[in-house]
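Participant: Taken in sequence, the protein lines are chains A and B.
Letter by letter, the first sequence follows residues 1 to 234 in the numbering used here.
Letter by letter, the second sequence follows residues 1 to 234 in the numbering used here.
No incorrect hints appear here.
Simulated restraints on C-beta separations:
hint, chain 1, residue 1, chain 2, residue 2, range
1, A, Glu28, B, Thr192, 19 to 25 Å
2, B, Ile144, A, Phe116, 57 to 63 Å
3, B, Leu184, A, Phe116, 51 to 57 Å
4, A, Asn109, B, Glu86, 21 to 27 Å
5, A, Asp8, B, Glu86, 37 to 43 Å
6, B, Ser171, A, Gly88, 26 to 32 Å
7, B, Ile144, A, Glu58, 43 to 49 Å
8, A, Lys92, B, Gln2, 34 to 40 Å
9, B, Val168, A, Ser117, 43 to 49 Å
10, B, Thr81, A, Lys92, 43 to 49 Å
DSS-like cross-link-like pairs, simulated, lysine-lysine; straight-line CA separation at most 25 Å:
hint, chain 1, residue 1, chain 2, residue 2
11, A, Lys90, A, Lys24
12, A, Lys92, A, Lys24
13, B, Lys105, A, Lys5
14, A, Lys99, A, Lys114
15, A, Lys105, B, Lys5
16, B, Lys5, B, Lys30
By construction, these hints were calculated from the structure, which means they are not laboratory data.
From the three backbone atoms N, C-alpha and C, an ideal C-beta is built for every residue, glycine too.
Number of protein chains: 2
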Amino acid sequence: MQYVKIKDAIVEQIDAGMLSPREKLPAERKLAETFDTTRVTLREALSLLESEGRIYREDRRGWFISPEPLRYDPTQTLNFTNMALEQGRKPKTELVSAKSILANKQAANLLELKPFSDVYQVNRVRYLDERPVVYVTNYIRPDIFPKLLDHDLANSLTDIYREHYGMVYQSIRYRISTSSLIGLQAQALRATSGTPAMVVERVNYNQHGLLIDCDIEYWRHDAISIESVANLTR
Amino acid sequence: MQYVKIKDAIVEQIDAGMLSPREKLPAERKLAETFDTTRVTLREALSLLESEGRIYREDRRGWFISPEPLRYDPTQTLNFTNMALEQGRKPKTELVSAKSILANKQAANLLELKPFSDVYQVNRVRYLDERPVVYVTNYIRPDIFPKLLDHDLANSLTDIYREHYGMVYQSIRYRISTSSLIGLQAQALRATSGTPAMVVERVNYNQHGLLIDCDIEYWRHDAISIESVANLTR
DNA sequence: GAGTGGTCTAGACCACGGA
DNA sequence: CCGTGGTCTAGACCACTCA
Numbered sequence: 001m002q003y004v005k006i007k008d009a010i011v012e013q014i015d016a017g018m019l020s021p022r023e024k025l026p027a028e029r030k031l032a033e034t035f036d037t038t039r040v041t042l043r044e045a046l047s048l049l050e051s052e053g054r055i056y057r058e059d060r061r062g063w064f065i066s067p068e069p070l071r072y073d074p075t076q077t078l079n080f081t082n083m084a085l086e087q088g089r090k091p092k093t094e095l096v097s098a099k100s101i102l103a104n105k106q107a108a109n110l111l112e113l114k115p116f117s118d119v120y121q122v123n124r125v126r127y128l129d130e131r132p133v134v135y136v137t138n139y140i141r142p143d144i145f146p147k148l149l150d151h152d153l154a155n156s157l158t159d160i161y162r163e164h165y166g167m168v169y170q171s172i173r174y175r176i177s178t179s180s181l182i183g184l185q186a187q188a189l190r191a192t193s194g195t196p197a198m199v200v201e202r203v204n205y206n207q208h209g210l211l212i213d214c215d216i217e218y219w220r221h222d223a224i225s226i227e228s229v230a231n232l233t234r
Numbered sequence: 001m002q003y004v005k006i007k008d009a010i011v012e013q014i015d016a017g018m019l020s021p022r023e024k025l026p027a028e029r030k031l032a033e034t035f036d037t038t039r040v041t042l043r044e045a046l047s048l049l050e051s052e053g054r055i056y057r058e059d060r061r062g063w064f065i066s067p068e069p070l071r072y073d074p075t076q077t078l079n080f081t082n083m084a085l086e087q088g089r090k091p092k093t094e095l096v097s098a099k100s101i102l103a104n105k106q107a108a109n110l111l112e113l114k115p116f117s118d119v120y121q122v123n124r125v126r127y128l129d130e131r132p133v134v135y136v137t138n139y140i141r142p143d144i145f146p147k148l149l150d151h152d153l154a155n156s157l158t159d160i161y162r163e164h165y166g167m168v169y170q171s172i173r174y175r176i177s178t179s180s181l182i183g184l185q186a187q188a189l190r191a192t193s194g195t196p197a198m199v200v201e202r203v204n205y206n207q208h209g210l211l212i213d214c215d216i217e218y219w220r221h222d223a224i225s226i227e228s229v230a231n232l233t234r
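Sequences and hints are given; from them, build the entire structure.
Facilitator: Structure representation (structure tokens):
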């Protein structure tokens with residue numbers, strides 16, 4: 001298994017500090033030559049490194065060393081922005097689209113809506129240190145947040161909820177799984193189809209136990225580490 | 001992007017019920033011929049399906065349709081066994097090894113041990129419906145659980161803790177990330193090097209806030225969906 | 001415009017699984 | 001022992017990035 005050896009050789013280079021986070025690896029053809037192999041085999045080694053979260057790929061731009069992942073606690077309502085700042089990272093949020101739509105299957109399912117309900121759909125891309133790391137889709141009940149789309153949605157939704165509607169999260173149901181980036185999500189994150197992803201789905205309830213919104217997050221899998229504490233009550 | 005189309009075609013077959021969970025796909029060479037392409041391209045499509053969690057691979061045995069994932073709540077102490085049974089699955093646990101070792105870096109780190117401490121290391125493989133889905137390593141403090149290795153470790157550790165030492169979990173710190181299976185873990189799960197994995201690390205504290213053990217779980221990523229509820233206290 | 005990554009072809013050999 | 005999957009070779013063309 002040549003590709004495992006190549007992978008190990010590159011890991012060694014990274015761990016020895018020869019390659020720093022965000023730095024670009026040499027061209028695939030160069031690397032293939034260095035390890036005296038073909039591009040196919042070399043790419044197998046790179047894919048392995050990618051799935052271990054040591055490197056990542058930007059579509060047609062090449063391979064880069066992964067920085068430290070963001071520590072993310074799904075049980076905190078802490079903003080993405082504040083979370084990033086607390087960890088010494090530079091956050092940025094870009095609004096992709098915000099509109100009122102007829103609930104699709106996913107939204108209807110998560111928000112427990114009747115057929116043909118309207119929902120707000122907000123799509124955003126979030127950056128860490130100029131790198132796009134997560135594609136977030138929010139579905140929001142318009143009966144609870146009328147005229148939500150009039151606000152600046154590049155800011156924190158939870159801030160808007162609190163400041164303009166007096167509503168805060170009380171309880172959060174979340175689901176974490178893995179998948180891969182495809183199509184729109186992939187493009188927005190500058191990834192190629194098939195890039196491994198961590199998927200976080202959250203359904204949020206307010207202080208009265210009312211289901212108010214949900215979000216589906218597609219993370220580049222190397223950019224996130226989910227960490228939390230649970231206190232057992234029995 | 002031919003391989004995306006091939007992937008979609010196979011997904012369609014699965015969704016239409018032409019292929020059932022645990023069923024083996026046709027041989028790669030057959031599939032390649034069916035889609036009028038080469039094995040390399042076909043395998044790209046299969047890898048995509050794998051990373052989406054729709055199919056999985058058993059080393060040298062072929063590709064199979066993924067069953068429903070197990071719903072797993074890291075904030076519950078519920079046994080693997082009971083969790084599986086509750087969800088109508090057939091669990092099995094196999095002891096790989098159990099011994100006292102000099103703490104390695106990982107164990108020392110998670111258990112906050114002094115250098116040269118002894119720890120119990122227990123390795124187990126867990127099955128769902130005869131399929132190996134997770135490789136678990138436990139590190140346990142021997143000062144808290146003397147003679148632990150005398151018990152039958154193919155059973156639930158938490159049961160042993162409770163029944164023989166009067167100790168239960170009170171609080172759990174956990175971390176979830178993705179990586180890939182390699183070496184021992186891969187072999188034990190009948191996987192090839194590079195198979196995507198979900199990694200769950202847990203550090204467990206007893207009813208007095210004392211750190212008592214930790215476990216590192218390598219899941220076949222298609223076999224698990226992490227689901228939980230968090231109640232915010234502020 | 002040169003170089004790069006994305007994708008694909010058409011083979012090959014080997015070791016292992018399963019009959 | 002046959003067929004299969006695991007691995008690898010040695011190319012090719014195209015579209016895109018970036019200098």
